[in-house]
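Chains as they are written, first to last, in our numbering: chain A, 6 to 311; chain B, 887 to 1106.
The set of hints was computed from the structure by calculation and includes no laboratory data.
Note that the Cβ used here is the ideal one computed from N, Cα and C, for glycine as well.
Errors might be hidden in some of the hints.
Reference excerpt, derived from the structure (chain A facing chain B, CB under 10 Å, subset only) [as the list claims (entries may be wrong)]:
#1 Arg37
#2 Ala182
#3 Leu184
#4 Val300
#5 Leu308
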Amino acid sequence: MSHDLARAGLQLALLAVVPPLLPGIVSRVKARVAGRKGPPLLQLYSDLARLCRKGEVKSTTAGAAFHLGPVVAAAGALAAGLLVPGPGSPALLAFRGDLFLLAGLLAAGRFCTVLSALDTGSAFEGMGAAREVTFASLAEPALFLCLLTLSRATGELSLSAMLGPALGPAWALWAPALLLCAVALFVVALAENSRIPVDDPTTHLELTMIHEVMVLDHSGPDLALVLYGAAVKLYVFGALLARLLLGGGGQGLLGGSLSLLVGLALFAIAVGLVESTMARLRLARVPQLLVGAGVLSLFAFVLLVR
Amino acid sequence: MSALRLATIAETVFILVVMIDFFVLASSRLKAAIRAVAAQGALLALLPLLLAPQELHVLHVLALSLGALLVKGIAIPWMLGWAMREASVSREVEPVVGYVPSLVLGGLGVMLAFAFSATLPLPTPERHPYLVATSLSTVWTGMLLVVSRKKAVSQVLGFLVLENGVFVFGLLLSDFMPWMVEAGVLLDLFAAVFVMGIVIFHIHRTFSSMDTEKLSALRD
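Whole structure, please, built from the sequences with the hints as guidance.
Okay, here's the thing in structure tokens:
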């Protein structure tokens, strides 16, 4: 009993505290590759604290839906984080078919972000919302096909089970398919988190922004929530990929959390390296990338089913 | 090396070949596409070695593999690169079928090939479960490329991919085929690409572009 409590506490603590570290690692890697020193690793924590102390400026046209975006996006990402197994095998929330809930929660967060962007009444934000929805509709099938492939390879329907003990035998049997799946999932993670080949999180040139343009009008605690939600989303995808590639995670609480942290750090470093070696794709080329990821996971699925 | 390890490597090679199919379907840069097709040819050269049954004569297998490497992996890509520089094209701007639709079509074709190849009646047992599926997907990709691209260099690339698929299928029968036949096929391919190089050159000189759609316009 107390062991279970300790496990739950540790999972919750990791989920709540670790995410803002990931963007820090990413920007540190980018700075190092470019030969700069870069911001401190814990920059986002102090940013969040600073934003929380500030007041808020609101557009006069904004209505009730304006606050929905940051809140639902952060809450949805946190709830999705509960479904992804952290240290120790079953996640805090696990049931058959919870992979659909994961995608649904992320989609609900995105829906409300888009809604609040439209609610500001700014034409710019509408443009960003349109782009976000277009790319999301292409990333979603790829994500589902990845999860479906995983589910087929392990014969399980719950994220905790298919990223848990069932993963080892699956790797022995279906290594190439799972590898394809991991590549596709990485591309989806880059797209969903508005990372470089799809969107540049540091750009402030309005015409090329996707995610950034939707949150331009948020300020103060709302902006803090937006940033925190984005970090949690990155954590969710990082944890999925870390679990998939490390084959189920380590033994026990300590080993489990260590392997999770190492996996997350490697994921953040990989994202940083991609960001510093690649240029942002033209908007018209993004669908090509996402459809490519979808086709890869479809191929992985076909390899399994035949 | 044990037979199991060889089968795993062969599986990886087959999957890489299909991935290169996808890459060629999606890329608009001719240089990258030519490199990819060259890599595909070089990968195919590994297959006769990996799939050779124990009792086969070494010379036959080696000749098959070396021939594929030299012709598909080195000579023809080099010629295509030359044609590309000569005609000064570097990318295909708008194909008849866009890149996303052709990726989707390619994905569908690969899916069907992998789903149904196991049910095909074959004269000999398959050496590897992915062999026929890979061959059919690659042939499908090649056909898509030949039909859906406008620039002559891309069409030749499609023809090469198609031939790569035929080569994979030929591995199924390589026990019965004397290697002279294989050599003849490779030579045919070489000659075909040679002729196409000349054709590309002429299209380029006549129309100062390599858009094959212009061929259907009547001119003196």
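Checking hints one by one. Is A:Leu308 an interface residue toward chain B, by the C-beta closer than 10 Å rule?
With a closest approach of 7 Å, the A:Leu308 hint holds.
Please check whether A:Leu184 passes as an interface residue: C-beta within 10 Å of a C-beta belonging to chain B.
The hint holds - A:Leu184 has a Cβ within 10 Å of chain B, the shortest such distance being about 9 Å.
Hey, does the A:Val300 contact hint survive, CB to chain B under 10 Å?
holds (4 Å)
A:Ala182 as chain B interface residue, shortest Cβ-Cβ below 10 Å:
This hint holds: A:Ala182 lies near chain B, its Cβ roughly 8 Å from the closest one there, short of 10 Å.
Return the status of the interface hint for A:Arg37: holds when the least beta-carbon distance to chain B is below 10 Å, violated otherwise.
violated (29 Å)
When the structure is compared with the earlier hints, a violation turns up for hint 1 alone.
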